[in-house]
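The numbering of the sequence shown is my numbering, which starts it at 1 and goes up by one.
Worth flagging that the hints you see were computed from the coordinates, not collected in a lab.
By construction, the Cβ of each residue, glycine as well, lies at the ideal position given by its N, Cα and C atoms.
Careful: at least some of the hints might be erroneous.
Said to hold, decoys possible - Quick list of in silico lysine-lysine cross-link-like pairs, DSS-like style, CA-CA up to 27 Å:
{"id": "1", "residue 1": "Lys3", "residue 2": "Lys20"}
{"id": "2", "residue 1": "Lys42", "residue 2": "Lys3"}
{"id": "3", "residue 1": "Lys20", "residue 2": "Lys42"}
{"id": "4", "residue 1": "Lys3", "residue 2": "Lys51"}
Claimed, not checked - Per label pair, the in silico range of CB-to-CB distance:
{"id": "5", "residue 1": "Arg7", "residue 2": "Tyr50", "range": "28 to 36 Å"}
{"id": "6", "residue 1": "Asp17", "residue 2": "Lys51", "range": "33 to 41 Å"}
{"id": "7", "residue 1": "Asp17", "residue 2": "Phe45", "range": "12 to 20 Å"}
{"id": "8", "residue 1": "Gly52", "residue 2": "Arg7", "range": "16 to 24 Å"}
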Amino acid sequence: MGKRDPRIDAYIAGAADFAKPVLTHLRTVVHSVSPDIDETMKWSFPHFEYKGILCGMA
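Whenever a hint applies, use it, and build me the whole structure from the sequences.
The structure is reproduced here in structure tokens:
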């Protein structure tokens, strides 16, 4: 199973109120694709990896 990064929880918590549900939804969608997707922070933004960088969000 992919690992979740608590720094992304903090990133979402610090986002503007309108963005929190959007970021949470995007995170859920990415993880629904594969259980092997890992989260990390790169360049101060959340990124998702599967055999390399899959996508990021800001």
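Consistency of the hints with the structure:
Distance restraint check for Lys3 and Lys20: the Cα-Cα separation of roughly 21 Å lies within the 27 Å cut-off, and the hinted pair is therefore satisfied. A distance of roughly 15 Å separates the Cα atoms of Lys42 and Lys3; the hinted pair therefore holds under the 27 Å criterion. For the proposed pair Lys20 and Lys42, the alpha carbon gap of about 19 Å is at most 27 Å, so the pair holds. The hinted pair formed by Lys3 and Lys51 meets the criterion: a straight-line CA distance of about 14 Å does not exceed 27 Å.
Here the CB-CB span from Arg7 to Tyr50 is close to 18 Å, at odds with the stated 28 to 36 Å. Against the hinted window of 33 to 41 Å, the Cβ-Cβ separation of Asp17 and Lys51 comes to about 35 Å, which satisfies the hint. About 19 Å separates the C-beta atoms of Asp17 and Phe45, a value consistent with the hinted range of 12 to 20 Å. Hint check: Gly52 to Arg7, Cβ distance near 20 Å, so the stated range 16 to 24 Å holds.
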